[in-house]
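> Chain by chain, the residues:
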Amino acid sequence: MLRNLPIGLVLVAVAAGALAQANGPASWQNDLTPIGAKDWNYDFAEHLLQRVGFGGTPEEIQALAKLTPQQAVARMVRFEGAPAANLAPFDEDAIHDPGLEPFPPSRPAVTDLAKQKGEALGIKVKPTGNRRLQPVVDEFFYWLRASALETNRVAYWWANRMVDSPRPLQEKMALFWHGHFVSNEAKVRDYRKLLAQLELFQTQGLGNFKDLTVAVAQGPAMLSFLDAGVNVKGASNENFAREIMELFTMGVGNYTEKDIREAARAFTGWNFEDLKFVVNKDQHDDGEKTFLGRTGRFDGVNVIDIIMQQPVTADFIAGKIYRYFVRQDLSPELQKKLGAVLRENKYEIKPLLEAIFLSRDFYSPASVGTRIYSPVELAVSTYKKLGLKSIPGVPDFNSVTGALGQQLFAPPTVAGWAQGQAWITPGLLLERANFVRDVLFPDIGFLPPDRYTGGGEVRRVAQRVREGMDISTATQDETKDGERAESNKNADRDEEFNTRYGSFRGSQLAIERVTPIPRETAQVNLSRTVRDAKLKTTAEVVDYFIHRFMSVPPSTDARQKLVAFLDRDLGTSDISVAQTYMEQSLRLVLHLIMSQPEYQLG
Amino acid sequence: MKNHFSFSKSSRRDLLRAGMCGVCVSAGAGLPVRVFGQAAAALAAQGNVDGKILVVLELSGGNDGLNTLVPYGDDAYYKHRPNLGIPKKEIRVIDEHFGFSGGMAGFERLYKDGKLAIVHGCGYENPSFSHFTSMAYWHTAAPNSGEEYGWVGRLADAMAPQAPPNYIVNVGARQSLAVRSRKHVPVVFDDPNKFTQEKFYEERPILESLPEHGQIDNPARRFLLDTAKSAKDASALVREAWSKYHSPIDYGIAGLDLPKVVALIDAGMPTRLYYTSYRNNAFDTHVFQGDVHKRLLTYASDAVFAFMRDLERIKRADDVVVMVFSEFGRRVPENVNLGTDHGTANLMFVVGNKVKGGHYGQVPSLTKLDAGDNLIYTTDFRRVYGTMISGWLGYRDAHSLLNGDFQTFDVFRA
Chain A
1 MLRNLPIGLV LVAVAAGALA QANGPASWQN DLTPIGAKDW NYDFAEHLLQ RVGFGGTPEE
61 IQALAKLTPQ QAVARMVRFE GAPAANLAPF DEDAIHDPGL EPFPPSRPAV TDLAKQKGEA
121 LGIKVKPTGN RRLQPVVDEF FYWLRASALE TNRVAYWWAN RMVDSPRPLQ EKMALFWHGH
181 FVSNEAKVRD YRKLLAQLEL FQTQGLGNFK DLTVAVAQGP AMLSFLDAGV NVKGASNENF
241 AREIMELFTM GVGNYTEKDI REAARAFTGW NFEDLKFVVN KDQHDDGEKT FLGRTGRFDG
301 VNVIDIIMQQ PVTADFIAGK IYRYFVRQDL SPELQKKLGA VLRENKYEIK PLLEAIFLSR
361 DFYSPASVGT RIYSPVELAV STYKKLGLKS IPGVPDFNSV TGALGQQLFA PPTVAGWAQG
421 QAWITPGLLL ERANFVRDVL FPDIGFLPPD RYTGGGEVRR VAQRVREGMD ISTATQDETK
481 DGERAESNKN ADRDEEFNTR YGSFRGSQLA IERVTPIPRE TAQVNLSRTV RDAKLKTTAE
541 VVDYFIHRFM SVPPSTDARQ KLVAFLDRDL GTSDISVAQT YMEQSLRLVL HLIMSQPEYQ
601 LG
Chain B
1001 MKNHFSFSKS SRRDLLRAGM CGVCVSAGAG LPVRVFGQAA AALAAQGNVD GKILVVLELS
1061 GGNDGLNTLV PYGDDAYYKH RPNLGIPKKE IRVIDEHFGF SGGMAGFERL YKDGKLAIVH
1121 GCGYENPSFS HFTSMAYWHT AAPNSGEEYG WVGRLADAMA PQAPPNYIVN VGARQSLAVR
1181 SRKHVPVVFD DPNKFTQEKF YEERPILESL PEHGQIDNPA RRFLLDTAKS AKDASALVRE
1241 AWSKYHSPID YGIAGLDLPK VVALIDAGMP TRLYYTSYRN NAFDTHVFQG DVHKRLLTYA
1301 SDAVFAFMRD LERIKRADDV VVMVFSEFGR RVPENVNLGT DHGTANLMFV VGNKVKGGHY
1361 GQVPSLTKLD AGDNLIYTTD FRRVYGTMIS GWLGYRDAHS LLNGDFQTFD VFRA
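Here the protein sequences line up with chains A and B, keeping their order.
Per the numbering used here, the first sequence runs over residues 1 to 602.
Per the numbering used here, the second sequence runs over residues 1001 to 1414.
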């Protein structure tokens, strides 16, 4: 049918017929029967690529549309026929020093240690003089800042894989696991642990759920994030055991408080030394435990085994995977069926994903065009659809996704990111449109946040120190009228060290040692896109952009206004007349299209 | 707190064109809008505002109530907490039994000025130890149930069934379940400076109008279009309010989002229900909690105290009450990691000029604990909600909102 025509013409033909994206009949909802080869088309291929990865260009979609649905899904899930992924490993900066280990839990803990031992973090206390502990405090803040900055580089590296990998499901699934087996930089404070965990998600995220759970639970990022290291015999800490059951495997209501306490005992002694998993035998409680109706001298791996034997575990995780890839509302019956698929396949993830992506349900009206993009997906898929091969440095990817509520390595709580409508508030909807504007019209006053770091306070202190002020005066907070808040009084106190000065010095050292993120802007050429697609009128341009960039088109009224806008801005509806000067107007109309509320859907 | 956003003449004109058209229509007047305050007043009148405002402040993560208001007069406290128990000399003693954590100078002052009510033993039957489950119970005021809407959202539906715009404001990166409403679309924003659609001059006609659309079957699309309308109704008002707000009051290091609330109140927003939180599970202090917890409390106390002073400054302190809660307290005995695990009953605070300060409810026993070493609750937290609903906001049918009768506290001055 349309398959052999040039892509531009295909799109125009589709657009001229109906803007609405094709999807299957309503009766397909909840039906796990695989779709037939005759049902397969360009729109389904687009839907698949969007959900399995981060969308793509018409050329990429067309390549999938030419396959059978089985071939397309095998290519996405098993990488059959997909090009090899030659992706460079993360280029680490030499910023970590062995003296930093073990890194104490807080600044007071560091200074207490320094007072006791005469040194901390590999830095000795000054024998005499003013602010004897200052170098130790500087080093503490250095590592906090350096790790945070390096984590932002890791995030860029990962986002670049999302936009460029020929195996996008690897990255999409890693993003799922990152939001599932949550840990964040603010608590872990060591990019190396987070990088190791990410690499686990990338390499084993499509493998076996049980193996992955064990590997994550024994990874230093999770051990550190959930305080596993302080869970010891005779006095267990429940945080780790509780979250493993509540959030990672079974869901609340499927175990008792006693089960949590018993599981916590089984995990006692699990710890990390720097980047290594260790079991401290003398801290492990080797006694008998009764857990989920079973009794034995269980250790942590036994507990995970027993959890995996609960039918509810497969239902829970299959349901969560389905909600991530397909839609939020999932009937209990369908969830049970999906759980059965996972159980039958002994927790192998790929067969479950294939069943989902081939199912009629996945292509039903309830599923197509009903999912709200997460911020990371929104940003990456915007870049992908623009045809970019890397993430621009302007706007800053981490600032954008952070402002939109999904900064990588910074999930807000151990529950990860809430999906669906939770991504959107009135404020965030406007910010999403502002992100698009910053891509198409980069701010020429942009300041890189990895150089201008640390917030206003650090810069204020830096400025005053450069002006030759003494440290006490330089670190005073801004003068307020009347009464001062307790926290500000405390922060100014002059002791053997000055916290605000340490924060400034730490930032300065970190900036010196962490490689800057490149700051190129997006290379966009919409005029060429329009020429290549052989578009003749403003209406064709608007329809082409709508179809290329949106899964759910805006209303007829909105479309007409967009066409009228482009007519007015170009001074003609004839593209051949506007050939030489149309870039700015095309960007404006694309910004308007991407500002439609429907742009959030896919 | 300072904001450096400057407001030019032309952008003010745009603001009137952009944001206020929704207001004109809602106000039903069709008259040219002259000043911000008048438009807001017209809206306020329609929303039947008598001026009373409730601000809910959530301390997320499970605040350790025992180390917030320390029962130094009870030996059992120090027995349970040999390392974490705060000695009398480090607390701010308020009476012969209790004292606030050392950094809570603000709360101490509010208490001594008679503006802070402490409600003891707040909890519910069959407590959940999960942050997310217990928080959902508090958000919906429906423990061990699957209520879909939040209690603040349901309150708005009941008090203002016509759902005038901007009735609920939730400052935060996310919408809280507490404000989820059947009829209202809460105004949710984080940074007021960014609560705006940035646009070029020639884009205005399109971005400042909402397109027509027919029947919509896709629920996600419907949701997005409703949200876009709420954003249009509120963003210009919020931004102007924030740009005009310049307070000399010292909110301390965190400030929370309370200065934003003052800015909106001062600008005459018709909002009656504000929801804010100390975010990101901050109070979840499983390990080495001493310094961290003290700091969190100092920030929270500084912010609430400054908020009340700021309200005095704009002469609205009589109109506002703040209710502070957390999803649970913490285990009574400390753990071996110098922290505390998830617990049950906890304190709530009610702060305001019109509040009769003092202790309310029964102090839970530190010697008769439940099987898991937790406090046994003495006050159903919905009694405090009911007190806000009928006692403060004057909505009489708290019974149907809370699905039950919960005896209120006589906590407000006439």
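Among these hints, one or two may not hold up.
What the hints assert, rightly or not - Simulated coverage check for chain A against chain B, where a stretch passes if three residues somewhere in it have a Cβ under 8 angstroms from a Cβ of chain B:
no. : stretch
1   : 41 to 51
2   : 296 to 308
3   : 381 to 392
4   : 406 to 418
5   : 421 to 429
6   : 503 to 513
If you are wondering where the hints come from, they were derived from the structure by calculation, not from laboratory data.
Backbone N, C-alpha and C define an ideal beta-carbon position, used for all residues, glycine too.
> State whether the coverage of the stretch 421 to 429 of chain A by chain B holds or is violated, taking the criterion as 3 or more residues with Cβ-Cβ distances under 8 angstroms.
Three-residue rule met by the stretch 421 to 429 of chain A, so holds; n is 8.
> Just to make sure I understand the rule, a stretch counts as covered if three or more of its residues have a C-beta closer than 8 angstroms to a C-beta of the chain. Does the stretch 381 to 392 of chain A meet that for chain B?
violated (count 0)
> Do at least three Cβ atoms from the stretch 503 to 513 of chain A come closer than 8 angstroms to Cβ atoms of chain B?
Check failed, 0 qualifying residues.
> Three residues minimum, CB to CB under 8 angstroms: does the stretch 296 to 308 of chain A make the cut for coverage by chain B? Let me know.
Since three or more residues must qualify, the claim that chain B covers the stretch 296 to 308 of chain A is violated, with 0 doing so at under 8 angstroms.
> Using C-beta distances, would you say chain B covers the stretch 41 to 51 of chain A, given that this needs three or more residues below 8 angstroms?
It is violated: at least three residues are needed, and the stretch 41 to 51 of chain A offers just 0 whose Cβ sits closer than 8 angstroms to chain B.
> Are three or more residues of the stretch 406 to 418 of chain A within 8 angstroms, CB to CB, of chain B?
holds (count 5)
Hint compliance for this structure: hints 1, 2, 3 and 6 are broken, all remaining hints hold.
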